[in-house]
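Student: Since chain A is already given, all that's left is putting chain B on it; use the hints.
Below are the chains, spelled out letter by letter.
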Amino acid sequence: MSDFYSIGIYALLCAGILAYIASLLSYVHAIRKEQTSPAVAGRSLSLVAGILIVSAIALLTRIRQAPPVTSMAEFLILLAAIQTGGALFLDYAKRLGILTMGNAVACALLLATAAAILSPEAPQNRESMGSSLHIVIFLASLVAFEVSFLSVFMYVLLKKFLKAKGHFWLFELAPSLEVTRRTAMVSLFIGFLGLTAGFLAGYLFARQSKEGPAWRMDVTIILSTVTWVGYLVTVLLGSFSRFYSRRYALMNMISFVLLMVTLLSTVFFSGLHKL
Amino acid sequence: MKISIVGLNHKRTPVEIREKLAIAEKDLGRALGTLAAPVERVVLSTCNRVELSFASDQDFDPIGLASSFLSAYHGVDPAAFHPHLYAHDGAQAVRHLFRVASGLDSMVVGETQILGQVKRAYLTAHEAGHTAKALNKLYQHAFYVAKAVHSETSLASCQVSVSSVAASLAEKIFQDLSQRCTLVVGAGETGKFTLEAFQQRGVQRFLVANRTVERAERAARDLQAKVVPLDSIGEVLAQADIVISCVSREGYTLGPDLLGRALAARRQPLLIIDISVPRSVDPAAGRLEDLFLYNVDDLETIATDNMARRESEVLRSEAIIERETEKFMTRLNFVKSEEVIRALRARYEALAEEELKALPEAERKKIEPAIRRLINKLLHQPVSALQNGEDSPISADIVRRIFGLK
Chain A
1422 MSDFYSIGIY ALLCAGILAY IASLLSYVHA IRKEQTSPAV AGRSLSLVAG ILIVSAIALL
1482 TRIRQAPPVT SMAEFLILLA AIQTGGALFL DYAKRLGILT MGNAVACALL LATAAAILSP
1542 EAPQNRESMG SSLHIVIFLA SLVAFEVSFL SVFMYVLLKK FLKAKGHFWL FELAPSLEVT
1602 RRTAMVSLFI GFLGLTAGFL AGYLFARQSK EGPAWRMDVT IILSTVTWVG YLVTVLLGSF
1662 SRFYSRRYAL MNMISFVLLM VTLLSTVFFS GLHKL
Chain B
243 MKISIVGLNH KRTPVEIREK LAIAEKDLGR ALGTLAAPVE RVVLSTCNRV ELSFASDQDF
303 DPIGLASSFL SAYHGVDPAA FHPHLYAHDG AQAVRHLFRV ASGLDSMVVG ETQILGQVKR
363 AYLTAHEAGH TAKALNKLYQ HAFYVAKAVH SETSLASCQV SVSSVAASLA EKIFQDLSQR
423 CTLVVGAGET GKFTLEAFQQ RGVQRFLVAN RTVERAERAA RDLQAKVVPL DSIGEVLAQA
483 DIVISCVSRE GYTLGPDLLG RALAARRQPL LIIDISVPRS VDPAAGRLED LFLYNVDDLE
543 TIATDNMARR ESEVLRSEAI IERETEKFMT RLNFVKSEEV IRALRARYEA LAEEELKALP
603 EAERKKIEPA IRRLINKLLH QPVSALQNGE DSPISADIVR RIFGLK
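First to last, the sequence lines map onto chains A and B.
Count the first sequence with the numbering used here and you get residues 1422 to 1696, in order.
Count the second sequence with the numbering used here and you get residues 243 to 648, in order.
No lab work stands behind these hints: they were computed from the structure.
For every residue, glycine included, the Cβ atom is placed at its ideal position computed from N, Cα and C.
Among the hints, a few may not be true.
[Said to hold, decoys possible] Cut-off 25 Å, straight-line C-alpha distance, at most; resulting in silico cross-link-like pairs (SDA-like, lysine to any residue): (1) LYS1584(A) x GLU542(B); (2) LYS414(B) x PHE1510(A); (3) LYS389(B) x SER1458(A); (4) LYS1584(A) x PRO525(B); (5) LYS1586(A) x GLY502(B); (6) LYS1515(A) x GLN417(B); (7) LYS599(B) x LEU621(B); (8) LYS1584(A) x ALA526(B); (9) LYS1581(A) x LYS389(B); (10) LYS414(B) x ARG1603(A); (11) LYS389(B) x LEU1446(A).
[Claimed, not checked] Every beta carbon over 10 Å from chain B, so not counted as near; a handful from chain A, in silico: (12) ARG1453; (13) VAL1461; (14) SER1476; (15) GLY1523; (16) VAL1526; (17) ALA1536; (18) SER1540; (19) ILE1558; (20) LEU1578; (21) LEU1579; (22) PHE1620; (23) VAL1640; (24) LEU1653.
Here chain A stands alone, though its shape is the one from the complex:
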């Protein structure tokens, strides 16, 4: 990677980190001062950060001459971009400002990690379009599951406050119980569809790969299958159980933990999925 591009990538990542930090500080200020206009500023700053990340991805794609999913650093940058897109969409559409606020923290950490481990040299094994599609679909489903998890968490908190008949100013930033429920269920469903599609894309790619049937015993695949079953149970519970039972919320959270373990397995355990 030439020096110019290298500096450009790092500059965009640093600018993105600063924009996320500024966004988070705006939200904190909004909560402390009980004002909504700093929250609007926080949202705008997250949008700026998103644009900076997308620019970094575009620059990486140009450098690598391939989709930017060739290393863990690129994976993290792509994850930050999709996450920011999802959070901002829900913030604008459903007043879920709390998602943008949480996303700012997560993405600042993701970008900082990515900047720390980003290698200027292009990896030797280039990913194909098939495997890139598989990764992008999984990332999108990961973001949908994150939204579902956070919505469930917010629902549990809101319900607790309403039951306790307390008042907390965060109520003003939070949407209604109905909106959190619908968001959790819809995003869970989208995530489940994405996970299933990601499996199919991965299966089609694996059939053509040189590793052959060895893919079936890969740790990540085993854990992903368990996660898929967990989410299937959650989707079914949501379809049949009364309103929003504790079982549904618990299954959602357990499945999300499984998902996180699966993600970590790509870093630490899986030989075939290792980035």
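Tutor: Below, chain B without anything else, positioned relative to chain A:
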């Protein structure tokens, strides 16, 4: 430029007089046309106030104008309402309009409905051609100030009446109340304000259950609701999303068994507002999953907390309004000053041109630069005074009057 607001409101005028002077929104355009005076005007008429805004470069009597307009339009003797009129001029009028648009002058402080009413009143006047630069700028700024107050403070969310707290809780659970069904248990007067608050938030479907069917039918007529005998309440509970219980008898009307069965048949939460004294809903029902039970003490506690918050939010809102009033007045004076400076320069140059025209060409060429320098020197002091901090409505108007500027 003189800006004035004259009117009467719920604070100083009984409803019997206000209702005689109210003007329906659809008649505002026509009503404005009946005012035969060369002033900009906007009329705001709501259930709690009738206000007329005027603006003009020429001198006018705002109270006289408003009084004669209202008297002529409604055929009411001015003596009947004159003592209740208030009038604000200049910065006070600007401040008053900002307060009204922000909901600070409303019966329910912080309500946002008034902003829509002010916008419609302004648009009606604007489309009918009764506003010009002054009122256009004033009202646009008022909308901006109202938006700033609503976004920079949490005034609108500080509900301080039991009924509005109950309605806010319902919105916190159900988002869109227009799609929800409310079951009213009991047909007494105690629930009236709560029902009104729910109606204002958009609830359209009501069921009324009462021991006495005749009283239930009377209440149902007001709400355009369906009547349910009290004994059959178990059959309709599953349909209701919100239950407002205002029963005046001993013993619990709703218990955990009945409510548990209703919840099992629903896939939605259930909000119960028990404003009966003594309570008519068994407190044990509050332990049911997905059931939210609030009695009158709970609502009053929230309302009291909100009252304390509202006081600080009102102070913050007033600070925003004060800041924006100053900004608007400074801009108004700046524009006024600029107009006066241009008019004064034009006057001097016209006078110089008149004198120079009478001279032969050679002499004119010699004297003209000196004349121009003289004009600049003569203008320097008044222009500096108008531009640099001594610009007040009085200064600009006095200069205009002294020099006979248009």
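Student: Now look at each hint and say whether the structure bears it out.
Tutor: Hint check results:
The suggested pairing of LYS1584(A) with GLU542(B) holds, with an alpha-carbon distance near 16 Å, which does not exceed 25 Å. For the hint linking LYS414(B) to PHE1510(A), the alpha-carbon distance of about 21 Å falls within 25 Å, and the restraint holds. A threshold of 25 Å between alpha carbons decides the hint, and for LYS389(B) with SER1458(A) the separation of about 10 Å falls inside it, so the pair holds. The suggested pairing of LYS1584(A) with PRO525(B) holds, with an alpha-carbon distance near 12 Å, which does not exceed 25 Å.
Annotation: proposed proximity of LYS1586(A) to GLY502(B) holds, straight-line Cα distance about 20 Å (limit 25 Å). Restraint check for LYS1515(A) and GLN417(B): satisfied, since their Cα atoms lie roughly 11 Å apart, inside the 25 Å limit. At roughly 22 Å between alpha-carbon atoms, LYS599(B) and LEU621(B) fall within 25 Å of each other, so this suggested pair holds. Among the hinted pairs, LYS1584(A) with ALA526(B) is consistent with the structure: their alpha-carbon atoms are about 13 Å apart, no more than 25 Å.
As the CA atoms of LYS1581(A) and LYS389(B) are separated by approximately 32 Å, the hinted pair breaks the 25 Å bound. The straight-line distance between the Cα atoms of LYS414(B) and ARG1603(A) is roughly 14 Å, inside the 25 Å bound, and the hint therefore holds. Using a Cα cut-off of 25 Å, the hinted pair LYS389(B) and LEU1446(A) holds, with the two alpha carbons roughly 23 Å apart. Every CB of chain B lies more than 10 Å from the CB of ARG1453(A), the least distance being 12 Å, so the non-interface label holds.
Interface exclusion of VAL1461(A) from chain B breaks down, the closest Cβ pair being 7 Å apart, not more than 10 Å. The claim that SER1476(A) lies off the interface holds: its Cβ sits roughly 30 Å from the closest Cβ of chain B, which is beyond the 10 Å cut-off. Against chain B, the non-interface label of GLY1523(A) holds: every CB pair exceeds 10 Å, the least being about 21 Å. With a least beta-carbon separation of about 24 Å from chain B, VAL1526(A) lies farther than 10 Å from that chain, consistent with its non-interface assignment.
The beta carbon of ALA1536(A) is kept farther than 10 Å from every beta carbon of chain B, the shortest such distance being approximately 35 Å. No Cβ of chain B approaches the Cβ of SER1540(A) within 10 Å, the least distance being about 45 Å, so the stated non-interface status holds. Distance check for ILE1558(A) against chain B: the nearest CB is about 31 Å away, which clears 10 Å, and the non-interface claim stands. Taking the minimum C-beta to C-beta distance to chain B, about 12 Å, the non-interface status of LEU1578(A) holds against the 10 Å cut.
Against chain B, the non-interface label of LEU1579(A) is violated: not every CB pair exceeds 10 Å, the least being about 8 Å. With a closest Cβ-Cβ approach of about 30 Å to chain B, PHE1620(A) is found to remain outside the 10 Å limit, as its non-interface label requires. Remark: the non-interface label on VAL1640(A) is consistent with the geometry, its nearest Cβ contact in chain B lying 38 Å away (cut-off 10 Å). The non-interface label for LEU1653(A) is consistent with chain B: the shortest C-beta to C-beta separation is roughly 20 Å, beyond 10 Å.
The structure fails hints 9, 13 and 21 (numbered hints given earlier, in ascending order).
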